[in-house]
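Engineer: Construct all of the structure, not just a fragment, from the sequences and the given hints.
Protein chains in written order, with the working numbering: chain A, 17 to 181; chain B, 17 to 181; chain C, 17 to 181; chain D, 17 to 181.
It is worth saying that the hints were derived from the structure and are not from the lab. Note that the coordinates shown come from a computational prediction; the quantities given were computed from them, not determined experimentally. One or more hints might be untrue.
Just so you know, same-sequence chains aren't split out, so a pair can sit in one copy or run between any two.
[Stated by the list, open to error] Result set (EDC-like, lysine to aspartate or glutamate): computed pairs, CA atoms no more than 16 Å apart in a straight line: (1) K167 x D178; (2) K167 x E34; (3) K169 x E34; (4) K170 x E34; (5) K169 x D33; (6) K167 x D99; (7) K170 x D33; (8) K170 x D99; (9) K167 x E103; (10) K90 x D114; (11) K42 x D68; (12) K169 x D99; (13) K42 x E31.
Number of protein chains: 4
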Amino acid sequence: MPIRILVAGGTFDKEYDELGGRLFFKDTHVEEMLRLGRSRVAVAVQTVMMMDSLEMTDSDRRTLLEQCRRAPEKRIVITHGTDTMVETARVLQDGVLDKTIVLTGAMVPYAFGSSDGLFNLGSALSFVQVLPTGVYLAMNGKYFPSGQVRKNKKLGVFETLDSSS
Amino acid sequence: MPIRILVAGGTFDKEYDELGGRLFFKDTHVEEMLRLGRSRVAVAVQTVMMMDSLEMTDSDRRTLLEQCRRAPEKRIVITHGTDTMVETARVLQDGVLDKTIVLTGAMVPYAFGSSDGLFNLGSALSFVQVLPTGVYLAMNGKYFPSGQVRKNKKLGVFETLDSSS
Amino acid sequence: MPIRILVAGGTFDKEYDELGGRLFFKDTHVEEMLRLGRSRVAVAVQTVMMMDSLEMTDSDRRTLLEQCRRAPEKRIVITHGTDTMVETARVLQDGVLDKTIVLTGAMVPYAFGSSDGLFNLGSALSFVQVLPTGVYLAMNGKYFPSGQVRKNKKLGVFETLDSSS
Amino acid sequence: MPIRILVAGGTFDKEYDELGGRLFFKDTHVEEMLRLGRSRVAVAVQTVMMMDSLEMTDSDRRTLLEQCRRAPEKRIVITHGTDTMVETARVLQDGVLDKTIVLTGAMVPYAFGSSDGLFNLGSALSFVQVLPTGVYLAMNGKYFPSGQVRKNKKLGVFETLDSSS
Chain A
17 MPIRILVAGG
27 TFDKEYDELG
37 GRLFFKDTHV
47 EEMLRLGRSR
57 VAVAVQTVMM
67 MDSLEMTDSD
77 RRTLLEQCRR
87 APEKRIVITH
97 GTDTMVETAR
107 VLQDGVLDKT
117 IVLTGAMVPY
127 AFGSSDGLFN
137 LGSALSFVQV
147 LPTGVYLAMN
157 GKYFPSGQVR
167 KNKKLGVFET
177 LDSSS
Chain B
17 MPIRILVAGG
27 TFDKEYDELG
37 GRLFFKDTHV
47 EEMLRLGRSR
57 VAVAVQTVMM
67 MDSLEMTDSD
77 RRTLLEQCRR
87 APEKRIVITH
97 GTDTMVETAR
107 VLQDGVLDKT
117 IVLTGAMVPY
127 AFGSSDGLFN
137 LGSALSFVQV
147 LPTGVYLAMN
157 GKYFPSGQVR
167 KNKKLGVFET
177 LDSSS
Chain C
17 MPIRILVAGG
27 TFDKEYDELG
37 GRLFFKDTHV
47 EEMLRLGRSR
57 VAVAVQTVMM
67 MDSLEMTDSD
77 RRTLLEQCRR
87 APEKRIVITH
97 GTDTMVETAR
107 VLQDGVLDKT
117 IVLTGAMVPY
127 AFGSSDGLFN
137 LGSALSFVQV
147 LPTGVYLAMN
157 GKYFPSGQVR
167 KNKKLGVFET
177 LDSSS
Chain D
17 MPIRILVAGG
27 TFDKEYDELG
37 GRLFFKDTHV
47 EEMLRLGRSR
57 VAVAVQTVMM
67 MDSLEMTDSD
77 RRTLLEQCRR
87 APEKRIVITH
97 GTDTMVETAR
107 VLQDGVLDKT
117 IVLTGAMVPY
127 AFGSSDGLFN
137 LGSALSFVQV
147 LPTGVYLAMN
157 GKYFPSGQVR
167 KNKKLGVFET
177 LDSSS
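Structural biologist: In C-alpha cells form, the structure reads like this:
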C-alpha cells in the first residue's frame with residue numbers, strides 16, 4: 017500500500033519572492049524532491065496547508081489529525097515547520113492509534129543550495145517504512161518517538177528530552 | 017554505538033577534473049553530505065577504496081567483507097557504485113552474519129546539482145538504524161534484502177527480482 | 017590598475033538565518049563568486065555597507081560617493097540592492113566625473129540555486145573594463161547609462177526610460 | 017539588432033549520462049542560463065555543433081566561420097570548448113573582418129554546482145556589446161584579442177602571450 021505524504025508547509029517549502037524580496041509559500045517541492053531522489057516508493061502527496069509552523073493553530077493541528085485519520089494508508093509522512101513539529105506530533109499521538117506517522121522538515125529551504133531537505137525527506141520516507149505504529153519525528157538523521165523530543169532552538173537541532181547536549 | 021560508514025567510491029564520489037575534462041575520484045563527499053543534512057548520528061567514516069564498481073574485483077569485495085567483520089559497530093552503511101552493488105551485497109551476505117549492513121550509492125555524482133546522493137544517504141542511514149540483522153540495498157527510497165534485487169540497467173533503477181515493472 | 021569592487025549589500029548577499037527563519041546579511045559572497053567564476057581580474061573588494069537598498073539613506077549614498085572618490089582605481093563595480101540602484105547611480109553621477117562606475121545586483125540571493133548573481137557579476141565586471149567614463153547599471157545582461165533607466169517593479173527588470181515593454 | 021549566439025559545445029554543455037556513467041552532449045544549456053541570468057538581451061541562439069573542442073577539425077572551424085559570415089548580426093558570441101578556443105579564434109580572425117566576435121567557454125560543466133559557465137556567459141555577452149570589431153576570447157573575467165592569448169593547460173586559465181604568470 018502506498019505511503020501518504022501530507023504537506024503542511026514549513027521551511028521546506030519556503031521560496032524567494034523576487035519582486036517583494038521576501039520568503040513566501042507557493043507550491044510544495046516534495047514531488048520535485050522525490051524525482052531528484054529517483055524515488056520509486058508509491059506515494060500519494062496531498063497538500064493540507066502551506067504555513068510557517070509558528071502560525072499554526074490548534075484548529076490547524078486538528079485538520080492534520082483529521083487527514084491522518086481519513087487517509088486510507090497505514091504509513092504517513094508529514095512535512096512540517098520545525099518550530100512546532102513537537103506540538104503537532106503530540107496532537108497526532110493522542111488522536112491516531114494504529115498508524116506509523118513520521119514528521120520531518122528542514123532548517124534551510126529546499127530552494128537554497130545548502131538545504132538539509134533532501135536528506136531529511138530520504139530519511140523520513142525510509143523510517144516510515146520500517147518503524148512500528150506510532151508518531152515520530154525524523155530530523156538530523158535520527159528518529160525520535162513523539163513525547164521524547166524537543167527542538168533545541170539555540171542550536172537548531174532536535175534532541176531527546178533527557179539529553180544534555 | 018555509532019554507525020560505521022565504509023566508503024567504496026562509486027558515482028557518489030565522482031568529481032570533475034577541470035584540467036583533464038574527465039570524471040575522477042579524489043576524496044569522499046560523505047562527511048560534507050552529513051554536514052549538509054545536519055546529521056547528528058554518531059558515525060565513523062572510513063574510506064576503504066575509491067573506485068568505479070565496474071572495476072571492482074573479488075579481492076576488493078573480500079577487503080570490504082573483512083572491514084565489515086573488523087568494525088566494532090553492529091550497523092554499517094557502505095557507499096558503493098551501483099553497477100555491482102548487488103554482487104558485493106551477496107559476498108557480504110555470505111560472510112557477515114550478525115550485523116545490519118546497508119549499501120547505497122547514486123546515479124548522479126554528488127557534485128552535480130541534480131544528484132540523488134543526499135536523498136540516498138539520508139535513506140540508507142535511516143534504514144540501517146531500524147532494520148534487523150542482514151544485508152540490504154537502499155536505493156530509490158526503498159530497501160531491498162540482498163539476493164532479492166537487481167539493477168535494471170536500462171531504466172537505471174533497482175527492482176525486486178520478481179518485479180516486472 | 018586593478019578594479020575596485022564596493023559592496024553595498026542588497027539581495028546579492030542575503031543569507032538564510034536557519035535559527036530565526038529569516039533572510040539576513042552576514043558577509044559578502046563577492047569573493048566566493050569571483051573564485052567560482054575563475055576570475056583573474058585584479059580586484060580590491062571593499063565592504064562599505066551591508067543593507068537592503070530600501071533602507072538606504074542620503075547619508076549612505078554620500079558614503080558610497082565618498083568611497084568612489086577616494087578609491088585610487090579609475091574603474092569601480094558596486095554591488096547594490098536593486099530597489100534603489102537607480103537613485104544611488106544618480107548621486108554618483110552628480111559627484112564623480114572621471115571614473116567608470118558600474119552598479120549591479122541580483123533579483124535572487126546568490127545562496128539560492130536559482131540566483132542571477134553570478135551572471136550579473138560577470139557582466140558588470142566586463143562592462144566596467146570597456147565602457148567610457150560615466151555611471152552605469154548592469155542588469156539583465158545589458159548596461160544602462162545612469163539617468164536613462166528605471167526598475168520596472170512589476171516585472172522585476174530594468175528598462176530604459178522611454179521603453180514601453 | 018540582436019546578438020547571435022553560436023553554440024559549438026565544449027565543457028559548457030557536457031551532461032552526465034546516468035545510465036552509462038559518462039559525460040556526454042545532449043542539448044545546449046545556453047537558453048536556460050540566459051533565463052537564470054534574467055537576460056533581456058535580444059539574442060538568436062543557434063546550435064552549430066556539440067563537441068569536445070579537442071575533436072574539432074579544420075572543417076568544423078570552417079563551418080563556424082561560415083556561420084559567422086552568414087549571420088545577419090554584427091555581434092556574435094560563440095560557446096566553445098576551451099582546449100582549442102585559441103585556434104578557432106585565429107581562423108575566425110583571418111576570415112571575418114567586420115564583426116565583433118567573442119568566444120567563451122567553461123572549465124566545469126554548467127550542470128555542476130561549481131561551474132564558471134554562468135559567470136563567463138554574462139561576461140561574454142557584455143563584452144560583445146561594447147568591444148570594437150574583432151575576434152576575442154572572454155575567459156576568467158577578462159577579454160583577450162585573438163592572437164595575443166593562450167590557454168595555460170597546467171593552471172587551466174587563459175593568459176596573454178607575453179605573460180609570465
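Engineer: Would you mind marking each hint as holding or not holding in the structure?
Structural biologist: Evaluated hints:
1. Proximity of K167 and D178 under a CA criterion of 16 Å is satisfied intra-copy only: 12 Å inside one chain copy versus 43 Å between copies.
2. Taking the shortest alpha-carbon separations for K167 and E34, only the inter-copy value of 13 Å comes in at or below 16 Å, while the best intra-copy value is 31 Å.
3. In this assembly of identical chains, the alpha carbons of K169 and E34 lie at most 16 Å apart only when taken from different copies (10 Å versus 28 Å within one copy).
4. Taking the closest pair of Cα atoms, K170 and E34 come within 16 Å of each other only across two copies (10 Å); inside a single copy the shortest separation is 29 Å, beyond that limit.
5. When the C-alpha separation of K169 and D33 is checked against a cutoff of 16 Å, the pair qualifies only between copies, where the shortest distance is 12 Å, while the shortest distance within a copy is 26 Å.
6. In this assembly of identical chains, the alpha carbons of K167 and D99 lie at most 16 Å apart only when taken from the same copy (7 Å versus 37 Å across copies).
7. Taking the shortest Cα distances, K170 and D33 sit within 16 Å of each other only across copies (12 Å), while inside one copy they are farther apart (27 Å).
8. In this assembly of identical chains, K170 and D99 lie within 16 Å of each other by CA distance solely inside one copy; the values are 12 Å within and 33 Å between copies.
9. Taking the closest pair of Cα atoms, K167 and E103 come within 16 Å of each other only inside a single copy of the chain (10 Å); across copies the shortest separation is 42 Å, beyond that limit.
10. Taking identical chains as interchangeable, the C-alpha atoms of K90 and D114 lie at most 16 Å apart only when both belong to the same chain, with a minimum of 7 Å there against 30 Å between chains.
11. In this homomeric assembly, K42 and D68 come within 16 Å of each other (Cα to Cα) only inside a single copy, at 12 Å, whereas the closest approach across copies is 24 Å.
12. When the C-alpha separation of K169 and D99 is checked against a cutoff of 16 Å, the pair qualifies only within one copy, where the shortest distance is 8 Å, while the shortest distance between copies is 33 Å.
13. In this assembly of identical chains, the alpha carbons of K42 and E31 lie at most 16 Å apart only when taken from the same copy (7 Å versus 20 Å across copies).
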